[in-house]
Amino acid sequence: APWRRRRSERGEKKRGGGDMVLVLCLGDLHVPYRTSDLPQQFKDILLPGKVGQILCTGDICTKEMYDYLKTICTNIHVVKGQFDEDHAYPETKVVKIGDLKFGLVHGHTVIPWGDISSLGMVQRQMDVDVLISGHTHEFRTYAYEDKLLVNPGSATGAYSSKEASTTPSFCLFDVDSTKVSRAQAQWCDAGTRRR
Amino acid sequence: GEKKGRERERRRFAGVGLSLPFARQPATMSVPESTMEQVLRSEQEKWLADAKAAVKQQAFYMKRAIDEDSLRDVFKYSSAMLGELRTSLLSPQKYYELYMRAFDELRGLEMFFEEQRGKGHTASELYELVQHAGNVLPRLYLLVTVGAVFIRSHESPIKSLLKDLVEMCSGIQHPVRGLFLRSYLTQVSKEALQLIENKVDTETSTEDAVEFVLQNFTEMNKLWVRMKHQGPVRERSKREKERKELRDLVGKNLVILSSMEDVDEAMYGKIVLPRIIEQIVNCKDELAQAYLMDCIIQVFPDEFHIKNLETFLDSCGNLQPNTDVSSILCGLINRLSRFMEASQAHAELFESVGAFNKILEPVSRISSSLDQQSVANIYSAILDFTVGQKSDTLDRVDLVLGQCAAALGGLGGSLSGQASRTLKGILTKPLDIYSITELLELSSYPSVMHLLDNTMQKQVAVDIVEKILQKGTVISDVKKVESLFDFISLLLKADEEDPVEEDEDDIEEEQNLIARLVHQMRSETNDIDNSFSILQLAKERFEKGGPLRLKHTMPTVAFDVLQLVKQCEDAEKSVKMLQYLHTIIDLISEVPQPEKAFKLYLECTLVADLKKLEDNAYDFMTAAFDIYENSIPDTKAQTEALAMLIGTLNDCANFGEDNWDTLITTATKWSIKLLKKSDQCKAVYSCSHLFFRKGGEAEASNETSDKVLVCLKRALTIAKQAQGMAKSSRGDVGPVELFIAILNKYVYFFDQQTSEEVIKAEDIQNLLDLVSNETSSLTASDDKTHNETVKFYHNTLRYIMHLKEKSPEKYASLSLKN
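Heads up: the sequence lines are chains U and A, in that order.
Each residue of the first sequence is one higher than the one before, starting from 1 at the first, in the working numbering.
Each residue of the second sequence is one higher than the one before, starting from 1001 at the first, in the working numbering.
Calculated directly from the structure, the hints in this document are not laboratory data.
The beta-carbon is built from N, C-alpha and C at its ideal position, and this holds for glycine as well.
Wrong hints could be hidden among the right ones.
[Said to hold, decoys possible] To be clear about the criterion: a stretch of chain U counts as covered by chain A if any three or more of its residues have a C-beta under 8 Å from a C-beta of chain A, and this derived list gives those stretches:
{"#": "1", "segment": "25-39"}
{"#": "2", "segment": "69-76"}
{"#": "3", "segment": "153-163"}
[As the list claims (entries may be wrong)] Here are a few chain A residues that sit away from chain U, every Cβ distance over 12 Å (derived from the structure):
{"#": "4", "residue": "Q1038"}
{"#": "5", "residue": "A1080"}
{"#": "6", "residue": "T1087"}
{"#": "7", "residue": "V1136"}
{"#": "8", "residue": "D1164"}
{"#": "9", "residue": "V1200"}
{"#": "10", "residue": "R1234"}
{"#": "11", "residue": "D1432"}
{"#": "12", "residue": "M1456"}
{"#": "13", "residue": "K1480"}
{"#": "14", "residue": "D1505"}
{"#": "15", "residue": "L1537"}
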């Protein structure tokens, strides 16, 4: 099925100024337990050298997948998901890009799962401008007060106990020094577009 | 000078119709010559130069005699000239140069004889006259030369002349001299054969012509083989090299036979081929056999080959043991495959004769007398050929593979490295061409696989799995899945014969591959029963792999079963599948991998809860608690596990009151039993959500909300205890962030309320005051390590102010100070 890209117009016009960093946001791969691989369309887009950083919400599950992500970009930050086993990933991480602070947490320790206010507490505690979390396999960006809560969903469209089926998705940020220009959301199969 | 001479020679030689055995000698030898060889070579050059000079001189006289029209002198000088060809001193390469020199002159001589015939001498007269020449060799050359004239004169039937000539040439039994003499006869007779073809002579038929050529060929081959035995044994390899240079002289006869238009397939099959093969087999010489068999293949049309496959292939079984039969057969098969590709009509011809089986049968018979590498090569060529055909190839490929396995198996012993590689190539070819479902129908494929050693078998198995994953093929038939497991059986079970310490990383890599494969094995039509039976089969096979393997592969099976349960509408089936999951997860916890089993039980709980199967959900939860109590090793693991458990419980929506109560009470109990105070606190305030049922769901919403406050107050107490302990034991302010977190939770629930049912504004105010005190002492201390906590506090304040602005009535009573 065809995949759709949504590029925001404002983001495009802003191009050319300052230190722009392209940040890839993804997680909940669950290879091999829940799916066999990333969709081929994603693999075709995510070529080495295109992104400056990777922020991963965890549940990658195997070393092979981690190594694969590392080939896309060596600058990769991962937090520990529920099903990540052997690796010494931290539970949370704060990454500074430009003047913005990005927080990273898997989300299964934030109770209730996917609850905005609970995520808000984590945002306050980590003191970040953008909080990236996963676990629910549901793609969502939420403006929370003057901050941003992002869930890049599952990059492989892995099984989740709640949803009937999950669409593979991930998120790209263009980070200017003081602003996250816009998120470019990539969907597979669905025709829905999101800002 | 030198170059021009070589060019001229090349043209002359090409005129004879042969390829170039000598024309391109490298200027420098690649192997350094010994002094002995150097001496010999310079001697050869000297002798050649002498002989050439003599020929030149006699030719001069001969030409003068021709001009003077003196027949007797012509005979004398031409005889003398040809006498130089009697030499035994020269190597074949040098003899050829001399021969070419003489050959040039003989052209002129032939023209002279032609003129003489016109001047009154009959051809038979001339024919008689030349036989008075003194020595045999010159006599025979002259005879052949006059013979050309005689044939053209039509004074006698061509066939008798040809017969005479070919028999007379037997007068020279020396290999090199005889070969060149007969080669001269071949060249000269070309015209005669043309005449026969044009049906000029009524008494001479095509059969006669064929007979002539066959006889010449037979004699030439005998001479050629005899070269091998000439001279001392230690020079044998040198002689074989020289022999190779002369091979086209012999092969030329076959070329002539193939160019005779009147030789049709019937004649070929009845006369030509059997005679040639007879000579080939009888001569018992590897060089001759290899060359001539290949010659037959290249020179005669493919239609002939197709109709005479049995004869040809059977003879391959009668060749010398050292003859490379496999390259002969591969040559034939390649030729046939190009033929088939050329046109549809060709393919139809092939089929109509049943040629495919006619190839396979003799090959299987011959295989028993060949070595492994040859057999492997032959079947590889046959496979390439079969796969290249356009129709109905799958059965045939299966047949080929089966025969290959039988042939190689029959030879016994383990495969050599090179033969193994050829075999691996044979196995990879169908993999590239056919889809996986088609591949699985090749029932002989595994038997060929089993001939390889274990490492290579595993490689092939991995190739198969990777191909399935790469193409995204879905296998939806249980039987096909079973076949697939048979194909890759080495990956699924431990090596019984070789119980070496298995490398865990390698196993992990392999098994992850297999795990990914599981997702490709399901029904494509949403037939849940079908998919489930496939997964059951998978589970059984994986179980046999032992704990090292199943710990990687079983979780995948579990998740796929859960996926089916989610899709399943039938409650009974769902229950059955959920019960089956117990057996799977038990295997995992026995590995032992209790944490993995624990997480899987939590997942099962969620699905069971989703399907409103309360008993099953409770059952899974109990199992999870069981593992938690008994098998989770250390404190850190316990804290993490409990967090997962609370999160899972919180996500469940369909437990009845009693069960729910038991579960959340147990969860809270374990929260308090965690070792570290701060962990206890966090777990307890997380549990507060468990006691909070959103309005509209549970009947007694107020009652449950009460417990929320109890929980939070308990958390507060624990936080204070933690603080106390930190102050007394380490002298620092303690975990102030816990207070702030609890404050956040208070606000959370307060915000959810419609009016102040449980949490009062004053509760929050009290907490606010407490927190502000604590944090002011932090900021006062000027210690950088508490920066985060301070920020947390400020962020929280800002949040509460924001809420105040949003709904001022609700938050009216709260006052915030910095």
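Hint by hint, here is what the structure shows:
1. Interface restraint, the segment 25-39 of chain U with chain A: holds (7 residues with C-beta to C-beta distance below 8 Å; minimum three).
2. With a threshold of 8 Å between beta carbons, the proposed coverage of the segment 69-76 of chain U by chain A is violated, since 0 of its residues qualify and at least three are required.
3. Counting residues of the segment 153-163 of chain U whose CB falls under 8 Å from any CB of chain A gives 3; the rule of at least 3 is met.
4. For Q1038 (chain A), the requirement that its beta carbon stay farther than 12 Å from each beta carbon of chain U is met, with the minimum near 62 Å.
5. Its beta-carbon lying about 84 Å from the closest one in chain U, A1080 (chain A) satisfies the requirement of being farther than 12 Å from that chain.
6. The beta carbon of T1087 (chain A) is kept farther than 12 Å from every beta carbon of chain U, the shortest such distance being approximately 74 Å.
7. No beta-carbon of chain U is positioned within 12 Å of the beta-carbon of V1136 (chain A); the least distance is around 81 Å.
8. Consistency note on D1164 (chain A): stated as away from chain U, and its beta-carbon is indeed over 12 Å from all of that chain's, at 79 Å minimum.
9. Distance check for V1200 (chain A) against chain U: the nearest CB is about 74 Å away, which clears 12 Å, and the non-interface claim stands.
10. The beta carbon of R1234 (chain A) is kept farther than 12 Å from every beta carbon of chain U, the shortest such distance being approximately 62 Å.
11. Annotated as non-interface, D1432 (chain A) keeps its C-beta farther than 12 Å from every C-beta of chain U; the closest such distance is 19 Å.
12. Even its closest Cβ contact with chain U, about 23 Å, leaves M1456 (chain A) beyond 12 Å, as expected for a residue assigned away from the interface.
13. Here K1480 (chain A) stays apart from chain U, with its beta-carbon at least about 18 Å from theirs, past the 12 Å limit.
14. At roughly 9 Å from the closest C-beta of chain U, the C-beta of D1505 (chain A) falls inside 12 Å, breaking its exclusion from the interface.
15. The beta carbon of L1537 (chain A) sits about 18 Å from the closest Cβ of chain U, which is more than 12 Å, so the claim that it is off the interface holds.
Of the numbered hints stated above, those contradicted by the structure are hints 2 and 14, listed in ascending order.
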